[in-house]
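J.: Single-letter residue listing:
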Amino acid sequence: MAGRGPAGRSGAGGRFAQFKLVLLGESAVGKSSLVLRFVKDQFDDYRESTIGAAFLTQTVTLDENTTVKFEIWDTAGQERYKSLAPMYYRNAHCAVVVYDITQASSLDKAKSWIKELQRQANENIIIALAGNKKDTVDENPDKRAVPTADAEAYAKEAGLLFFETSAKTSYNVKELFTAIAKKLPLDQAGPRNLRANPRTGPLDLRPEATGQQGAGNCNC
Amino acid sequence: MSQHGDQVEHEVQDVSSDPHRPPLPPRPSTLSFFQDGSKPNTSSRPPTRAGLVSRATTALSVADANAFSSGSVRNLRSVSSQNISSPSRSKSASRTASETADDSSIRSLELSSEHAQEQDSIFGEAFHNKRSDDFGLDSGFLSTNEAREETELVPQVDFDQEFADVPDEHDDDELAHNLWKAKKKHFLILSAAGKPIYTRHGSDAIISSYVGIIQTIISAYTSWDNQLRSFLADDTKFVILSQTNLFLVAISTLPESEVQLRAQLDALYMQILSTLTLPTLSHIFSVRPSTDLRRPLQGTEVLLSALADSFTRGSPSTLLTSLESLRMRKAHRKIINDTMVKARVDDLLYGLIVAGGRLVSVIRPKKHSLHPGDLQLIFNMLFEAEGIKAGGGESFLPICLPGFNNRGYLYMYVSFLDVASEAVRELDIDEKIAKEDAVAIILLSANKESFEDLQSMKSYLIHELRKNGSMKVIHRAVQNGRPLPTDIVPGTALRHFLYKSKGNVQFFMPSFEAQFSDSQSRRQLFSIYGLLHASVHAKFATVKVQHMVNTTCSALAWVTPMFELYCIASAGTPRNALAQNANKVVQYIQREEERIFLIGGATF
Ligand SMILES: Nc1nc2c(ncn2[C@@H]2O[C@H](COP(=O)(O)OP(=O)(O)OP(=O)(O)O)[C@@H](O)[C@H]2O)c(=O)[nH]1
Ligand SMILES: [Mg+2]
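Going line by line, the protein sequences match chains D and A. In terms of the working numbering, the first sequence has 2 at position 2, counting the first letter as 1, and numbering is strictly consecutive. In terms of the working numbering, the second sequence has 1184 at position 184, counting the first letter as 1, and numbering is strictly consecutive.
Just to be clear, a hint being listed does not mean it is correct.
27 Å max Cα-Cα, derived DSSO-like pairs, lysine-lysine [to be verified]:
(1) D/Lys111 <-> A/Lys1448
(2) D/Lys174 <-> D/Lys115
(3) A/Lys1467 <-> A/Lys1184
(4) A/Lys1195 <-> D/Lys82
(5) A/Lys1330 <-> A/Lys1472
(6) D/Lys156 <-> D/Lys168
(7) A/Lys1330 <-> A/Lys1342
(8) D/Lys183 <-> D/Lys156
(9) D/Lys143 <-> D/Lys69
(10) A/Lys1330 <-> A/Lys1448
(11) D/Lys82 <-> A/Lys1472
(12) D/Lys69 <-> A/Lys1330
(13) D/Lys115 <-> A/Lys1366
(14) D/Lys156 <-> D/Lys40
(15) D/Lys115 <-> D/Lys40
With the Cβ distance kept under 7 Å, some of the chain A side facing chain D (calculated, not the full set) [said to hold, decoys possible]:
(16) Leu1232
(17) Pro1296
(18) Glu1394
If you are wondering where the hints come from, they were derived from the structure by calculation, not from laboratory data. From the three backbone atoms N, C-alpha and C, an ideal C-beta is built for every residue, glycine too.
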């Protein structure tokens, strides 16, 4: 299996951590489909393009002691929503940047998202690159537009987790999210202290904290 | 027989100086309960919701509206207690009585010429109010003639066929074109430069020739300093809305008037504006008139199509340009309003609770009104299209509400709930839930960083609403559904009705149950409503009451300064019975007004 993250650390009993995860990538690469597979283990051949962004949660049990809850922002890939993206990734602990392995241009788009994340997002953000629609090339290898090796080499260089996935067959979907969960700083993690990441201090937007805005690194 | 109204063939108008502007009903640009002003809105204006864009909010005071209603209740009571003379009927009517009557308030209903085949089947008579200040519908005057023919009133629509995809041209050229032409209704949007932007049916290849023709026709008139607004070709009606370098075109063979089709085009235009904002839309075309707008609009086709299909099925809210509220006790509604005000966060602009596509509660700042067109836009996005609902429990999206400000975005937080279960859980991603069952909390802010605040407001709100029993109230109200006509008027002959409260910009209707539960019969019902509506809203129409008879039903439209009522009874229902029932419906609604309508929502 390609690019597994570091092994999970299990230890102190009953750990529960909550992380913000953002999905980015060109429209129609399958972001919402990956989320639907992850959250509901379903697939929909005719998904409507996301409007704005959808917020969902899903819990992953790493081992009997460790549960990780993802707060997921499934963003819209349409160009017109681009200026909203910083708001979603600014507080994110992790990001899944998705491209479609049958569309070379979608990898370019993914790379530009990754650059933006590395520049603008939380310094410790964990980024996974997902080449989706693996099932299509399994069926017809001619459809592949991005060789696995190319994307993998890029991911390695940029320090990303990398998976080829299929929301349709669920290939590598669980693995993708589990690998991220395992790479997250569970040791310092708790439902609370994760929100107040020292590095991003003022970005802590607890529900109670009203009027927090203008955190400054919005590039829109 | 005079042929007035929307049946003008090949109608070309200079929009700027049209002396024959149809006398449309007043369309308040704000819901009365959404604003504080007190000057009554009496201005009549064309039903372009896009008109909201540039128009300042005019106020319509709640007090006025209510004063009106109590007055009319008295009136109705006195009328309905009169003795009813039995109508004299004679088959194969001579219409001379109404023809010769030179009374402007009398008008015979003649079906528009585009329905020539059906025309014979219908025949309606003109009635008029005895006095214009008398809102009571007197059943005693119903003594005109009546004719019947054994033909269908309105065309059937096979929705499977209507909404089925048109295959691509290259598969079978002729077949594709025939399927395209067989559609009862088309919506096309093209740029002024003639680029196709949206079509409900068919691929670009199929529509390109039609788009070319349409653009040529439209621009021919434009070059003569005229604007082509509508024309008829056989039984097909074409209506064109020109807006900001766009031509929105409706092509319909259904019995719909120009006014009605124009309102539908307006809704589509509003959807486009809400995605792009007006400055962006103008800018795009000023920079490059040949821009392909489909790219910036990508992903909104489904919204446009969902809207278009709701019009094809028959949409009471678009026909009446008003919304429906969830019926509940006034005290219950007040608790919900108060809870929402209490839960509000600083960044909140508007807060709405909507259940089953019906308004439960609205809160807004004192200084900002909420425009009905904007509300309708939100409703359309959330309840006619699947997109946002299917996204999962919560969504956050930029939206331009043209009535509020067509130049910028607001940020809308939406949470769909399942209130049926004890837990009041959020919907799962992709959970298919019927429009009737979905409860949505909708919170709008001008601040794009407001998501977490709005989310926490929602959590608190749900918690409080559960604690004070309001969730149960909402759930019960949704479950109870709409009452049957017989629940409203025991033993009534009415099968269905639409009542629009003009002051509240809201409508009320009974359940579709039994008789109109399938989409075909519902479409037929709305075709009749469409005809009734057209007859009382047509150019030069001064009739306040319109009766219509055919083999399938007996129907009545009744318009007063306060309300519009459209009711339908089984064929053969005598007019006096219809009138009597209409009176009872109005009495019932005025008695129940504060439960049926959301009156004077909460401000902060
Ligand atoms: N064959 C195949 N199709 C997929 C896969 N994932 C998604 N799709 C299809 O690709 C289309 C787009 O998927 P979405 O999940 O809506 O894409 P998205 O990235 O969320 O798009 P936006 O919301 O517009 O940003 C849909 O028709 C899906 O059914 C996959 O793994 N295999
Ligand atoms: Mg999506």
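J.: Does each hint fit the structure? Answer for all of them.
T.: Each hint, compared with the structure:
For the proposed pair D/Lys111 and A/Lys1448, the alpha carbon gap of about 26 Å is at most 27 Å, so the pair holds. With a C-alpha separation of about 25 Å, the suggested pair D/Lys174 and D/Lys115 falls inside the 27 Å cut-off, and the hint holds. For a cut-off of 27 Å, the pair hint linking A/Lys1467 to A/Lys1184 is broken: about 50 Å separates their Cα positions. For the hint pairing A/Lys1195 with D/Lys82, the CA-to-CA distance comes to about 25 Å; that is within 27 Å, so the pair holds.
Under the criterion of a C-alpha separation no larger than 27 Å, the hint pairing A/Lys1330 with A/Lys1472 is consistent with the structure, at around 15 Å. Between the alpha carbons of D/Lys156 and D/Lys168 the distance comes to roughly 26 Å, so the proposed pair stays at or under 27 Å and holds. Pair hint A/Lys1330 plus A/Lys1342 holds up; C-alpha atoms about 18 Å apart against a cutoff of 27 Å. For the given pair, D/Lys183 sits about 15 Å from D/Lys156 by alpha-carbon distance, which is consistent with the 27 Å threshold.
Between D/Lys143 and D/Lys69 the CA atoms are separated by roughly 36 Å; this puts the pair beyond 27 Å, and the hint is violated. With a C-alpha separation of about 34 Å, the suggested pairing of A/Lys1330 with A/Lys1448 is violated against the 27 Å cut-off. Between D/Lys82 and A/Lys1472, the direct Cα distance comes to roughly 40 Å. Violation of the 27 Å bound is thereby established for this hinted pair. This hinted pair does not check out: D/Lys69 and A/Lys1330 have alpha carbons roughly 41 Å apart, beyond 27 Å.
A threshold of 27 Å between alpha carbons decides the hint, and for D/Lys115 with A/Lys1366 the separation of about 45 Å lies outside it, so the pair is violated. Between the alpha carbons of D/Lys156 and D/Lys40 the distance comes to roughly 30 Å, so the proposed pair goes past 27 Å and is violated. At roughly 31 Å between alpha-carbon atoms, D/Lys115 and D/Lys40 are farther apart than 27 Å, so this suggested pair is violated. A hinted interface residue such as A/Leu1232 counts as satisfied when its beta carbon comes closer than 7 Å to some beta carbon of chain D; here the least separation is about 36 Å, so the hint is violated.
The restraint placing A/Pro1296 at the interface with chain D holds, with a minimum CB-CB distance near 6 Å, inside the 7 Å limit. Because the smallest distance between the Cβ of A/Glu1394 and any Cβ of chain D comes to about 4 Å, under 7 Å, the interface hint for this residue holds.
In the structure shown, a violation is registered for the earlier hints numbered 3, 9, 10, 11, 12, 13, 14, 15 and 16, in ascending order.
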